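Enquirer: Residues per chain are reported as follows:
Protein chains: 2
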Amino acid sequence: MPALITYRTPVQEDWVDYNGHLRDAYYLLIFSYATDALMERIGLDADSRGHSGQSLFTLEAHINYLHEVKLGTEVWVHTQVIGFDRKRLHVYHSLHRAGFDEALAASEQMLLHVDLAGPNSAPFGERSVALLQGLVDEQQDLEAPAFIGRVIGLKK
Amino acid sequence: MPALITYRTPVQEDWVDYNGHLRDAYYLLIFSYATDALMERIGLDADSRGHSGQSLFTLEAHINYLHEVKLGTEVWVHTQVIGFDRKRLHVYHSLHRAGFDEALAASEQMLLHVDLAGPNSAPFGERSVALLQGLVDEQQDLEAPAFIGRVIGLKK
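Just so you know, the sequences run in chain order D and W. This note's numbering applies: residue 1 is where the first sequence begins, and numbers increase by one. This note's numbering applies: residue 1 is where the second sequence begins, and numbers increase by one.
If you are wondering where the hints come from, they were derived from the structure by calculation, not from laboratory data. Please read these numbers as outputs of a predicted model, since none were measured by experiment. All the given hints hold, so there is nothing to weed out.
Have a look at the derived ranges for each label pair, beta carbon to beta carbon:
1) D:G72 with W:E138: 40 to 46 Å
2) W:E126 with D:G83: 45 to 51 Å
3) D:Q140 with W:R127: 49 to 55 Å
4) D:A98 with W:A117: 26 to 32 Å
5) W:K155 with D:L71: 38 to 44 Å
6) D:F57 with W:D14: 16 to 22 Å
7) D:Q140 with W:E138: 49 to 55 Å
8) D:P123 with W:D14: 30 to 36 Å
9) W:D14 with D:N19: 18 to 24 Å
10) D:G149 with W:A117: 34 to 40 Å
Which chain D residues stay away from chain W? Per the calculated CB distances, all over 12 Å, these:
11) A98
12) F100
13) P123
14) V129
15) A130
Once the Cα atoms are required to be at most 25 Å apart in a straight line, the calculated DSS-like pairs of lysine-lysine come out as:
16) D:K87 with W:K155
17) W:K87 with D:K155
18) W:K87 with D:K70
19) D:K87 with W:K70
Don't be surprised by glycine CBs; every beta carbon is placed ideally from N, CA and C.
Make a model of the complete structure from these sequences and hints.
Expert: Below, the structure is given as structure tokens:
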């Protein structure tokens, strides 16, 4: 199957710097909205959040900036579930635009399933586990993500 | 010397989620403003940017979310220069608030010096190199950053 598109938006005026290019933090905001959309697909949507009081918190994110993006450009996010355990979810988002084959940015993230009543970390519910496993199964033929497992550093 | 404080701000209303907590992307926005402030300290301030047409682009960032931050909380950024080469700068930002000893978040970043006329990557000018080396020298007694050189992944 093709990559899962979780979020689509034009680049907004509040998101660009004085050169009219998307500022680094706003790439991550777009990926943050993509994670919100992913939550809906794994049974943690706004309704069930209100009901179950469960959410995903970002523990850690790594982002690679590959190309500039201009104000007004329509962009979208591909999301791949890399893996999950009882409480954690490892995802990969990439940012794309029409007419350009390469990703504009890529971000690998570790997310924690949280019971907001604590707030405490909590195991995924059965329905979420089934939906997550469904996504992993659907995505098993996708290419391995390009920007994953990376370490930042200057060459010595 | 104590850590260099590059940026200080209260957590703003636009930056929080429905629970009143700082959203993941906005931690990075605060660090992005800290990088802007760092630019001034290394001779790439707004005036000289306009004149020299040089800037820093973020190549890659890794961020660890350690504690939640609420709307209105006054936070500040400590910035450490980890190293630099001809064109690249490796920095470490951490986020802090009063009355709490631990960092709220930490981000290691690789930045590229860019001539905006291209835009192309370009070597740092002599003045920037001297100012960068001054920061490295001043900061040599600081503790090694806690969240650096990390790889994201689920334990197998």
